[in-house]
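Work out the full structure: start from the sequences and follow the hints.
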Amino acid sequence: MFQLYKKRNFSDFVGDTFAFFKTYGKHYYRNYFIINGGFLLVLLVLMYFLGKIFYEGIFSNLSGGANYNTDNSADVFINENLPIIIGLGIFAAIAALFLSILSYAYPVAYLKLIEKKTDFTTEEIITAIKSKVGKIIVFFLASIFIMFPIMAIVMGLSFLLVFIIIGIPLLFIVIPALMCWFSLAFYDYISTDKGYFDALGGGFSLLKQKFWPCVGSTAVMYMIMQIVVGFVSMIPYLIGIFSMFTTLENPENAGNLNNEGYSFFLIMMGVTMVLSLLLNFIFQNFLLINQGIMYYSIREENENNTSKSEIDLIGTQGE
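Its first residue numbered 1, the sequence shown is counted upward by one per residue in this note's numbering.
Please keep in mind that the hints were generated in silico from the structure rather than gathered at the bench.
Keep in mind the model is a prediction, meaning the values are calculated, not measured.
Be aware that one or more of the hints could be misleading.
In silico lysine-lysine, BS3-like type, Cα no more than 25 Å apart, as pairs [what the hints assert, rightly or not]:
| no. | residue 1 | residue 2 |
| --- | --- | --- |
| 1 | Lys194 | Lys208 |
| 2 | Lys26 | Lys6 |
| 3 | Lys116 | Lys130 |
| 4 | Lys194 | Lys7 |
Estimated spans, in silico, between C-beta atoms of each pair [as the list claims (entries may be wrong)]:
| no. | residue 1 | residue 2 | range |
| --- | --- | --- | --- |
| 5 | Glu124 | Ile164 | 49 to 59 Å |
| 6 | Ile168 | His27 | 34 to 44 Å |
| 7 | Leu97 | Ile126 | 13 to 23 Å |
| 8 | Phe18 | Ile84 | 40 to 50 Å |
| 9 | Leu141 | Phe264 | 42 to 52 Å |
| 10 | Lys22 | Ser263 | 35 to 45 Å |
| 11 | Leu82 | Lys22 | 44 to 54 Å |
| 12 | Gly89 | Ile150 | 19 to 29 Å |
The C-beta atom is built at its ideal place from N, Cα and C for all residues, glycine as well.
Okay, here's the thing in structure tokens:
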């Protein structure tokens with residue numbers, strides 16, 4: 001059984017994240033795809049066709065067709081397909097926003113249910129999310145005007161400092177710290193009756209209480225996530241690049257976009273984009289669960305919930 005309320009340090013934050021998925025991974029992801037799978041599929045399809053149009057536009061300069069001038073064929077191609085690009089872009093943006101919010105809410109609801117019991121159904125997870133829909137919407141809408149601008153300013157200043165030596169290591173601290181602050185504030189807002197500003201303050205206080213373990217754990221989990229996503233996504237990309245070079249070796253294929261080599265390359269670029277997006281949503285859960293483990297761990301240090309539960313259990317058994 002996974003212990004949610006537990007005092008942890010840096011290594012525990014990382015280790016217990018993997019221990020959580022070892023214990024609940026199958027149940028967690030099964031319900032994740034039941035709840036989010038339909039929306040994720042819609043987003044992936046939209047992004048595939050957007051990517052396909054994008055790459056066709058880029059490589060239209062290689063076309064020898066009469067409809068395009070080699071100097072501005074990409075512009076002509078994009079202008080001809082502009083309504084489709086705008087339409088797909090709008091729907092993709094809406095789907096991505098909705099799915100991102102739902103993906104953030106899912107691990108919060110899941111850990112909230114684990115706090116009470118270890119066996120629960122998909123319907124209970126959906127009910128838990130629905131019960132917090134109002135707060136979820138308020139948090140993200142308020143964050144657009146309050147938290148995101150603050151984060152953007154801090155990030156901008158950090159990137160400016162990259163031009164001096166201190167800026168580069170500073171980014172490895174600032175980015176995980178901002179991610180931690182946002183996630184801890186969200187957990188605090190959804191899991192308690194606090195208002196938005198109280199949750200922002202609460203999230204910042206929790207982060208400050210164990211700053212280096214939280215930042216270090218977030219950085220490690222993020223790097224692991226990006227390495228895995230990048231490595232897997234590179235496979236279809238490299239296959240596509242290899243097929244492209246093989247096609248270009250034959251002079252007869254140059255400028256012929258109808259050639260199978262070019263078509264295969266465009267498909268592989270679309271697959272790379274879709275696979276990268278899919279893996280990012282899947283492995284994002286490791287990062288969000290990691291943040292949740294931090295949240296409950298720091299709360300345990302402040303509230304001693306485990307000791308209270310043990311006392312209540314002893315009292316119940318005594319009766």
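Here is what the structure says about each hint:
1. Lys194 x Lys208: holds, 19 Å
2. Lys26 x Lys6: With a Cα-Cα distance of about 23 Å, the restraint between Lys26 and Lys6 holds, given a limit of 25 Å.
3. Lys116 x Lys130: This hinted pair holds, its Cα atoms lying about 18 Å apart.
4. Lys194 x Lys7: holds, 23 Å
5. Glu124 x Ile164: 49 to 59 Å: holds, 52 Å
6. Ile168 x His27: 34 to 44 Å: Hint holds: Cβ distance 41 Å, inside 34 to 44 Å.
7. Leu97 x Ile126: 13 to 23 Å: holds, 20 Å
8. Phe18 x Ile84: 40 to 50 Å: At 43 Å between Cβs, range holds.
9. Leu141 x Phe264: 42 to 52 Å: At 44 Å between Cβs, range holds.
10. Lys22 x Ser263: 35 to 45 Å: holds, 42 Å
11. Leu82 x Lys22: 44 to 54 Å: holds, 49 Å
12. Gly89 x Ile150: 19 to 29 Å: holds, 28 Å
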